[in-house]
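**Student:** Throw the hints in and build the complete structure from the sequences for me.
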Amino acid sequence: MTPVPVPVAARFTLPSRVLHWLMAPMVIAQLLIGVTMVAALGYYPLLLAIHRPLGVLILAFALVRLANRLTHRPPAFLATMSKTERRIATWSEYLLYGLLLVQPLTGWAMLSAARFPITLLGPFALPGIAPHNIDVFAMLRECHNAFALLLFAAFTAHMTAVLFHTLVLRDRLLDRMALWRSKAGAGQPDRG
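All residue numbers for the sequence shown refer to the UniProt record's numbering, where the first residue is 1 and numbers rise by one.
The set of hints was computed from the structure by calculation and includes no laboratory data. This structure is a prediction, so every number in the text was calculated from the model and none was measured. Mixed in with the good hints, there may be bad ones.
Calculated lysine to any residue pairs in the SDA-like style (CA-CA distance at most 25 Å, straight line) [to be verified]: (1) Lys83 / Met139; (2) Lys83 / Leu63; (3) Lys83 / Leu22; (4) Lys83 / His165; (5) Lys83 / Gly98; (6) Lys83 / Met177; (7) Lys83 / Ser16; (8) Lys83 / Glu142; (9) Lys83 / Glu93; (10) Lys83 / Phe164.
Simulated restraints, written as ranges between beta carbons of each label pair [unchecked claim]: (11) Thr80 / Gly42: 47 to 55 Å; (12) Ala146 / Gly122: 31 to 39 Å; (13) Ala146 / Thr80: 30 to 38 Å; (14) Ala39 / Arg170: 37 to 45 Å; (15) Arg170 / Pro131: 51 to 59 Å.
Idealized CB from N, CA, C, for every residue including glycine.
**Tutor:** Written out as structure tokens, the structure reads:
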């Protein structure tokens, strides 16, 4: 199948692309650590010691990324995308941003309700954001687990859409967020 010539896609700003590619491996690692913590109890203390500060880091990056997104318009959608695809892309972006904020916050609140500190470096720990209450802890734990599953599903849908556009449609959707330049996009100016 020969790819159909497609106009070069406008790209996200450099800060947007850098934040995206810095966060992606953190989120993947966090999801894998979360699953492994539950499945491999022998490694639970070590994985939890990684999971907590990584969650805080993801929250910090998500806040920076949200501020960046609110101050920098994304490039126009590809002409090959239907109105329905554009709506789905927009709403899935909202969902991912929401989950990247809510998931670490529910983890922090859950640990606060159990009086488990989130130690960052040395003596530095985050303050509690929920009352100490075992029922609140149990409810937040269920929410944290449900949001993790939803985040995994949203991430999987995002990756599936990108792969479909890249491998099947060959419409250069990936060029919009790529840190590198494709051969077709070599002459396209960068945004920021």
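**Student:** Would the pair Lys83 and Leu22 pass a check requiring their Cα atoms to be no farther apart than 25 Å?
**Tutor:** Judged against 25 Å, a Cα distance of about 30 Å means the pair is violated.
**Student:** Between Lys83 and Phe164, does the CA-CA distance stay at or below 25 Å?
**Tutor:** Holds - the C-alpha atoms of Phe164 and Lys83 are around 17 Å apart, at most 25 Å.
**Student:** That 47 to 55 Å hint for Thr80 and Gly42 (C-beta), does it hold up?
**Tutor:** holds, 49 Å
**Student:** Would the hint linking Lys83 and Glu93 be met if the CA-CA limit is 25 Å?
**Tutor:** holds, 15 Å
**Student:** Sort out whether Ser16 lies within 25 Å of Lys83, counting only the CA atoms.
**Tutor:** Given pair Lys83, Ser16 holds - Cα atoms ~24 Å apart, limit 25 Å.
**Student:** CB of Ala39 to CB of Arg170, is that within 37 to 45 Å?
**Tutor:** holds, 38 Å
**Student:** With respect to the beta-carbon atoms only, verify the hint that Ala146 and Thr80 lie 30 to 38 Å apart.
**Tutor:** holds, 35 Å
**Student:** For the pair we were handed, Lys83 and Leu63, check the Cα-Cα distance against 25 Å.
**Tutor:** violated, 29 Å
**Student:** Regarding Ala146 and Gly122, is the given constraint of 31 to 39 Å on their beta-carbon distance met?
**Tutor:** holds, 33 Å
**Student:** Within 51 to 59 Å or not, the Cβ separation of Arg170 and Pro131?
**Tutor:** Holds, at about 54 Å.
**Student:** Under the criterion that the straight-line Cα-Cα distance not exceed 25 Å, is the pair Lys83, Met139 satisfied?
**Tutor:** violated, 38 Å
**Student:** With the threshold set at 25 Å, check whether the alpha-carbon distance from Lys83 to Gly98 stays at or below it.
**Tutor:** Satisfied, since the Cα-Cα distance of roughly 23 Å is no more than 25 Å.
In the structure shown, a violation is registered for the earlier hints numbered 1, 2, 3 and 8, in ascending order.
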